[in-house]
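Colleague: Protein chains in written order, with the working numbering: chain A, 1319 to 1657; chain B, 1319 to 1657; chain C, 74 to 289; chain D, 74 to 289.
Quick caveat, the hints were computed from the structure, so don't treat them as lab data.
Bear in mind that the values here come from a model prediction, so they are computed numbers and not experimental data.
Don't take every hint at face value.
Okay, the calculated beta carbon distance ranges per label pair [what the hints assert, rightly or not]:
#1 G1576/A with I264/C: 55 to 61 Å
#2 A224/C with E1443/A: 36 to 42 Å
#3 R1606/B with R1549/A: 46 to 52 Å
#4 S1552/A with Y1468/B: 47 to 53 Å
Where a beta carbon is used, it is the ideal one built from N, C-alpha and C, also for glycine.
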Amino acid sequence: MAVETKARKFLNNPADLVAESLAGLAAAHPDLLRYDAAAKIVVSKGAPKQGKVALISGGGSGHEPLHGGFVGIGMLDAACPGEVFTSPVPDQMLAATKAVDGGAGVVHIVKNYTGDVLNFKMAAEDAADDGIKVTSIVIDDDVAVQDSLYTAGRRGVGATVLAEKIAGAAAAGGADLATVSDTVKRVNERARSFGVALSSCIPPASGKPIFDLPEGQVELGIGIHGEPGRRRESLGSASDVVDVMVEAVLSDLKPAKGARLLAFVNGMGGTPLIELYLLYHEVDRKLRAAGLEPVRNLIGSYITSLEMAGASLTVLELDDELIRLWDAPVHTPALRWGI
Amino acid sequence: MAVETKARKFLNNPADLVAESLAGLAAAHPDLLRYDAAAKIVVSKGAPKQGKVALISGGGSGHEPLHGGFVGIGMLDAACPGEVFTSPVPDQMLAATKAVDGGAGVVHIVKNYTGDVLNFKMAAEDAADDGIKVTSIVIDDDVAVQDSLYTAGRRGVGATVLAEKIAGAAAAGGADLATVSDTVKRVNERARSFGVALSSCIPPASGKPIFDLPEGQVELGIGIHGEPGRRRESLGSASDVVDVMVEAVLSDLKPAKGARLLAFVNGMGGTPLIELYLLYHEVDRKLRAAGLEPVRNLIGSYITSLEMAGASLTVLELDDELIRLWDAPVHTPALRWGI
Amino acid sequence: MITEQAMDAATITSWMREIETSVRSERDYLVQLDAAIGDGDHGTNMVRGFEAVVQALDGEAAAPPGRLLILAGRTLVSTVGGASGPLWGSALRSGGRVLGDQPTFEGGQLVEVLAAALASVKDLGAAVVGDKTMVDALEPAVDTLRTELAASAPLATALGEAAEAAETGMRATVPLQARKGRASYLGERSIGHQDPGATSTALIIRALQRAVSAAG
Amino acid sequence: MITEQAMDAATITSWMREIETSVRSERDYLVQLDAAIGDGDHGTNMVRGFEAVVQALDGEAAAPPGRLLILAGRTLVSTVGGASGPLWGSALRSGGRVLGDQPTFEGGQLVEVLAAALASVKDLGAAVVGDKTMVDALEPAVDTLRTELAASAPLATALGEAAEAAETGMRATVPLQARKGRASYLGERSIGHQDPGATSTALIIRALQRAVSAAG
Ligand SMILES: Nc1ncnc2c1ncn2[C@@H]1O[C@H](COP(=O)(O)OP(=O)(O)O)[C@@H](O)[C@H]1O
Ligand SMILES: Nc1ncnc2c1ncn2[C@@H]1O[C@H](COP(=O)(O)OP(=O)(O)O)[C@@H](O)[C@H]1O
Ligand SMILES: [Mg+2]
Ligand SMILES: [Mg+2]
Ligand SMILES: [Mg+2]
Ligand SMILES: [Mg+2]
């Protein structure tokens, strides 16, 4: 199945991309994690830790550093990467669950996509059969999609990163299975996201863009799988774009006046940092103008769509507890502080 | 000068991009730095620190996080960002030098471009007139350019990041002006880089790509200013590309057999992490196959060309001292560990 | 109700081979359909899965047909991922369970196999006809097969009608707005595109007809 | 050596205005030349610099011409950046110093002003004719102006010849391989392109001719 692609990519055989990239991750961070090529999972070097609730997540690849780049200390215990944009298979989640279970139970953080939900569900059933306590929490923070009978519900996007960090800190701090699960839920309930794209990405297997977006156009309300958005408009200034994002997120989140927020400006993979900080400049101003307090932030490309040009905004309403967990030490390839 | 661009960018007025992005940087990291909009410099919150040698750097913008993202604790004391791809003016370097001088002298880390060298030189002369001890060290690690009478010498690229980190640690550790300057020099002497591009970038002022690189082609031997490379070839596999990079770097660096190395795989801004780790997989293998030991690494987009798709490899030959300084705590927007 | 022909393990093996050939030759088309309203991997997913199924069945010449279907379903679950992996994986497993360990089966039982597969898909995915999913092709196929056989049509003919019903259902997804799966995220923009899962489902039923006819 | 016309502060001011108009109208062209063998900012750099110069000189009607040149040079240093900022900035400052505080100057002194500017560029940038830089336009311009005035040509004519010499030098950069500045990184790929700095230098000399002729 050697599809020769001449897209603008560093690539050997497209079919080997995920495995080779994960091998690189493991070679670069042997102090933090290992890559089990047979089971296709990334496992924290410290796992299993007896008595600690373990956290695993997974999903299609192409969203790097999500999830493998968040395995380490104070965040995920294992990650299950599928093919590019294709959810992993239950065998991976089962192997990961067994590899990290320290007797205190395992939390599955699942992004709300039919494929992810179904595959994780099968794995959780198998793990339960093996006597492992598993809870699954579905992340669905994307306000671009209405949660109704007529959709598969909201997608899980930026809040996933925040939930992994915050719940990872709870687990590292000794919280029990119910508490860690609740922490994931709480982050999901208090977080909302909205994404926009300035270009399509190019899945390596096909070597072709998924959609064709002319310059000067923007896709509003995209997810992280390179799919087109809810609607296409002509591209305004960065300030205009941020107006749309902030309005979409706040009108749904409805934070309390004066609420303390974490503002997460995320690049989709092909947007450079100079633009992300320009966006943050606008986000910070507009949140403050709305009477809110962005007391924490995260700016960078953390949950991506390959080389897509674009960005998403995630806003999480904080409280003392969430701030404490956010600030707690973390040491993973992609997120590190306090250690 | 409101040039309307409809390129795939988040942008207000292109003329405001640098200032707005730096305002975003400062809004996001008030604990680490401030942006002096009048002087157009980014200054560490802790500066000036009496008795500590101060480190400043600067250059054209468009290379983010370089340099503003490296201001903070254990790295730069100030950064002087010019317009996109245009070196800053001496007034900026002079203001920064004055702002951070703690009496122990100031080191200017200058990338070897005619513009940077000349502007920094003027600033250093002015600072000397004001009684500040300044040393200027020029970084020129790019092996794509022969250092001869017939060129402006090698360009300064990836080694700049490593020099800023390592010399920043030396300065934080209390080393004197001569020692810190020597540390920068030592990093420069032991580091070599080589970069490749898969696409041009798009300077915001013109809104047009600098060169036109068809899919399936690669520019070999590029710098960080969007300029075309030394030669254009058809794009091979990632393994082929890394062969070229490793050969170019090692044949010039000539590290000792068994040497301990820092391998820095850098994205040019538009290349996603999944590809950078794929490249690292190849780099790690090939360095080991050459009998060398990559004991430290850095993987990510740290010295970029706007949204260019591409990557560079920098190899630094380490010793105990350099390893200790590399591992020392650092806390900046873009690089953080140990704190 | 009498059907002229008993099926066995070989029928299942050749069905899976026919599917593999078919999705491989239609891979790019399925990818293209999925790129329009999904994430562009459906063709790759199906090919990866059924290549693995064919390989897995290779060593299982002696197993009864129900076991082969269960093995095929497990293999899909373990290799496909995405939405289609668990859905088709469970479908084949449920279908296989209907046959237990019996060495042969007839048309009436084939209907029960496919009905169990459909029930499993609907149970897992909670989609109904009209949601613009594989159910839009699978349900009419099962209904038609049951009706045709009840009316004593020869199995090959009945399967031909079932495949046509699947293809009609597939085409009928074009004007629909998706209510399940990724395409639902597009809202009204999903209208005007044919559902990739319904398309591969029609290929799967057509492959069944070929497998049975070739043997018959 | 007699020149028919004394120049003063107004000559400098109108020279700077002529430059500003000229680089502004040629901005895209300069950017394009620089994109081919540099980094695509030369047009933007020159416009930013000379816009600032014109603004800075606006409040300085009473200053002597040498002071205006020094102020212009300082302004370029403080606003342009890149290679061209320090080079042209030092050039104008060095040129201005030749005139001291004298209220007027003549052709012979204009030669000395430009010669000092050239010397300053060569000193800072270490480029010689043939390296494919602004020196390739500036040096022949200075030489021609000196020779023409020595041969008692009228100033306006001499400046016309100097501007032509600059343009010839500019065109002569096309076949050269760059040995200084960014273009040198390209090695042989710099051949076949006209140097942007030589091009703006030719505009600057042509602007001087216009400034002097308009006043004359
Ligand atoms: N809830 C569901 N019920 C039934 N079929 C579904 C459901 N969700 C998705 N599908 C089918 O799956 C197909 C997509 O499969 P595939 O592309 O392989 O997976 P993914 O959507 O995870 O990328 C859709 O075209 C649709 O027919
Ligand atoms: N060492 C040098 N001496 C003289 N002129 C130079 C030198 N280096 C560069 N130049 C001139 O500067 C021009 C480029 O200016 P500009 O684009 O504004 O700066 P930068 O190269 O820093 O982007 C070149 O075309 C060349 O004429
Ligand atoms: Mg998928
Ligand atoms: Mg420049
Ligand atoms: Mg799909
Ligand atoms: Mg330039």
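Colleague: It remains to establish, for every hint, whether it holds in the given structure.
Modeller: Taking the hints in turn, this is what the structure says about them:
{"no.": "1", "hint": "G1576/A with I264/C: 55 to 61 Å", "verdict": "43 Å, violated"}
{"no.": "2", "hint": "A224/C with E1443/A: 36 to 42 Å", "verdict": "40 Å, holds"}
{"no.": "3", "hint": "R1606/B with R1549/A: 46 to 52 Å", "verdict": "50 Å, holds"}
{"no.": "4", "hint": "S1552/A with Y1468/B: 47 to 53 Å", "verdict": "49 Å, holds"}
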